[in-house]
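Number of protein chains: 2
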Amino acid sequence: MHSFRELLETFEKRFNIYQFPQEPVELYDAARHMLQIQGKRIRPILCLMGNELFDDIVEDAYEAAVAIELFHNFTLIHDDIMDQAPLRRRQISVHEKYGVPTAILAGDVMLVQAYEHLKYISSEILPDILHAFNQAARLVCEGQQLDMEFERRHPTQIPMDAYLHMIALKTSVLLAASLQIGALIGGAGDRNIHHLYEFGKHLGIAFQIQDDWLDVFGDPEKFGKQQGGDILANKKTFLLVKAYEIADAAQRQQLDACMQLQGQQKVKRVIELFEQLHIKEWAEAEKKKYTDQALHHLEEIAVISSRKKPLEELVSYLLNRTS
Amino acid sequence: MHSFRELLETFEKRFNIYQFPQEPVELYDAARHMLQIQGKRIRPILCLMGNELFDDIVEDAYEAAVAIELFHNFTLIHDDIMDQAPLRRRQISVHEKYGVPTAILAGDVMLVQAYEHLKYISSEILPDILHAFNQAARLVCEGQQLDMEFERRHPTQIPMDAYLHMIALKTSVLLAASLQIGALIGGAGDRNIHHLYEFGKHLGIAFQIQDDWLDVFGDPEKFGKQQGGDILANKKTFLLVKAYEIADAAQRQQLDACMQLQGQQKVKRVIELFEQLHIKEWAEAEKKKYTDQALHHLEEIAVISSRKKPLEELVSYLLNRTS
Numbered sequence: 259m260h261s262f263r264e265l266l267e268t269f270e271k272r273f274n275i276y277q278f279p280q281e282p283v284e285l286y287d288a289a290r291h292m293l294q295i296q297g298k299r300i301r302p303i304l305c306l307m308g309n310e311l312f313d314d315i316v317e318d319a320y321e322a323a324v325a326i327e328l329f330h331n332f333t334l335i336h337d338d339i340m341d342q343a344p345l346r347r348r349q350i351s352v353h354e355k356y357g358v359p360t361a362i363l364a365g366d367v368m369l370v371q372a373y374e375h376l377k378y379i380s381s382e383i384l385p386d387i388l389h390a391f392n393q394a395a396r397l398v399c400e401g402q403q404l405d406m407e408f409e410r411r412h413p414t415q416i417p418m419d420a421y422l423h424m425i426a427l428k429t430s431v432l433l434a435a436s437l438q439i440g441a442l443i444g445g446a447g448d449r450n451i452h453h454l455y456e457f458g459k460h461l462g463i464a465f466q467i468q469d470d471w472l473d474v475f476g477d478p479e480k481f482g483k484q485q486g487g488d489i490l491a492n493k494k495t496f497l498l499v500k501a502y503e504i505a506d507a508a509q510r511q512q513l514d515a516c517m518q519l520q521g522q523q524k525v526k527r528v529i530e531l532f533e534q535l536h537i538k539e540w541a542e543a544e545k546k547k548y549t550d551q552a553l554h555h556l557e558e559i560a561v562i563s564s565r566k567k568p569l570e571e572l573v574s575y576l577l578n579r580t581s
Numbered sequence: 259m260h261s262f263r264e265l266l267e268t269f270e271k272r273f274n275i276y277q278f279p280q281e282p283v284e285l286y287d288a289a290r291h292m293l294q295i296q297g298k299r300i301r302p303i304l305c306l307m308g309n310e311l312f313d314d315i316v317e318d319a320y321e322a323a324v325a326i327e328l329f330h331n332f333t334l335i336h337d338d339i340m341d342q343a344p345l346r347r348r349q350i351s352v353h354e355k356y357g358v359p360t361a362i363l364a365g366d367v368m369l370v371q372a373y374e375h376l377k378y379i380s381s382e383i384l385p386d387i388l389h390a391f392n393q394a395a396r397l398v399c400e401g402q403q404l405d406m407e408f409e410r411r412h413p414t415q416i417p418m419d420a421y422l423h424m425i426a427l428k429t430s431v432l433l434a435a436s437l438q439i440g441a442l443i444g445g446a447g448d449r450n451i452h453h454l455y456e457f458g459k460h461l462g463i464a465f466q467i468q469d470d471w472l473d474v475f476g477d478p479e480k481f482g483k484q485q486g487g488d489i490l491a492n493k494k495t496f497l498l499v500k501a502y503e504i505a506d507a508a509q510r511q512q513l514d515a516c517m518q519l520q521g522q523q524k525v526k527r528v529i530e531l532f533e534q535l536h537i538k539e540w541a542e543a544e545k546k547k548y549t550d551q552a553l554h555h556l557e558e559i560a561v562i563s564s565r566k567k568p569l570e571e572l573v574s575y576l577l578n579r580t581s
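Top line first, the protein sequences correspond to chains A and B.
Going by our numbering, the first residue of the first sequence is number 259, and it counts up by one from there.
Going by our numbering, the first residue of the second sequence is number 259, and it counts up by one from there.
Accuracy of the hints is not assured; some may be wrong.
As the list claims (entries may be wrong) - Okay, derived cross-link-like pairs now, BS3-like style, lysine-lysine, Cα gap no bigger than 27 Å in a straight line:
#, chain 1, residue 1, chain 2, residue 2
1, A, Lys355, B, Lys493
2, A, Lys493, A, Lys547
3, A, Lys493, B, Lys355
As the list claims (entries may be wrong) - From the structure, some residues in chain B lie toward chain A, with a derived Cβ separation under 7 Å:
#, residue
4, Leu285
5, His336
6, Met340
7, Ile362
8, Leu384
9, Pro385
10, Glu400
11, Met406
The hints are simulated quantities; they were obtained by calculation from the structure and are not laboratory data.
Idealized CB from N, CA, C, for every residue including glycine.
Whenever a hint applies, use it, and build me the whole structure from the sequences.
Written as structure tokens, this is what we have:
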């Protein structure tokens, strides 16, 4: 069994030398620009771990992992265009640097390249892998659409279950599918795959709740982001949607008033309201709930427990960040 | 053997009831909007013809044909965004109706759906089909990038061979790949596939030359487009690129001056210059050259000649439009 760090090292060796064609220069420069903005590579490593949960890692899993990471980067390029985001992990976003048309195409060509890696997967399992990949890809697009629609709504018009569904599509589904694809390659049965998929889905939601929590309550120096960045951007987070759900009429008016404020005063005032509404404690309990559910599904997978260790360690690593 | 019309009828029956999921409504309404703007379905029919050139049409070919038509519609949605085109076949374009973000996503999800149809193809040929499809998809993206770059250049900065390469990528490659994929499904050998691919490539170039010719010299009532639409838009067509190539210094200056004009005066003046430079005759000779080359490659394919009849008829149908 291999740890996250070990798998990451092997994956990076393959992925960092990723070659696009040379011409047209601008198109592939745009694609390369995205790939050099290095991410955490959680999804491809989940794919490798999904494989190793059931069997030794095979070449197919590396091809799938590369495809998944390319797909993820494709979504980031297109999401940044749609969200008009000037930055991505503190670097200039692709469309800001190369313009929207080239950024659209760079995303398109990256998605096609993702599918080109699936081609190398053993043909007897290729149809299932292709289906799992397509399914996840479609749901991620649906999640992004819902996210955009929710951003235009007043928070009182976003029921918590609809919000949760959107987050599941936009974030969790790809984590779950990465594990699922690895497991398919590892020869897992349907029941085990089901539990592994649900593990990934619940893990993703717990991770997103934590992310929203850290933005407000985390140590900005350790977290590496501006405190209250989501608040300043009026972003619909778990915390904000919940706050509106449980607020009384007067508190809702106060939240509405906060939306009009700017700067540190806004952050301070929203945090005060969150404290009145015990949002911090609620978020911590929700994160624990989803983490427990994830671990319950992991437990249900019928393999010897030592095989589960890297995934258990990953849960700790991902979900024990307090800053 | 089936004619274009017969194959079209069968294909339309399958494709017209194409179902996207219901939710999110806006995303799939945008996708549906594109699909109801009906095209000529040349590419999927080429795929079916590629199959039937070598064997009876099988289910795999229909799945591939649907995938190819979805892919083509995906490129139209994204191209219209990049080109800021308000109309597509006289109807409002997807991004004009649903906004750029939803149009980007509708294109993305349509591309994913295209790949979902490939999943149904027999697994022993799936890797080859997937590769051919990916290869074509990548080249089409490259062609669109080059097209955008050329639109920013002065025509004297576009050598004819570079222009031809761009058109081949943007237009011909998908026609060629549609035939190739059909042939792979029909069990064709490498040599036959090579000639069929080249047939499609040359056919595509001949078709594009004719399209440019019709814009200027066709009968606008029969052609169904405004005469000189390309001229009014300063579009880099075969005709314009050639005109700049062979013009002397004085004629180039006159062409440059025309670029600044508007309306019917512009169309009239450019046509006069084209006549001075014998562009009409040049284009007709070029179209004939590429048509002959296409037919030569068709001849080289080792199947009994009656099997080639539908493709020969298609060549006549596509390339004998004089208006």
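task: Report the numbers of all earlier hints that the structure fails to satisfy, in ascending order.
output: Result: no hint breaks.
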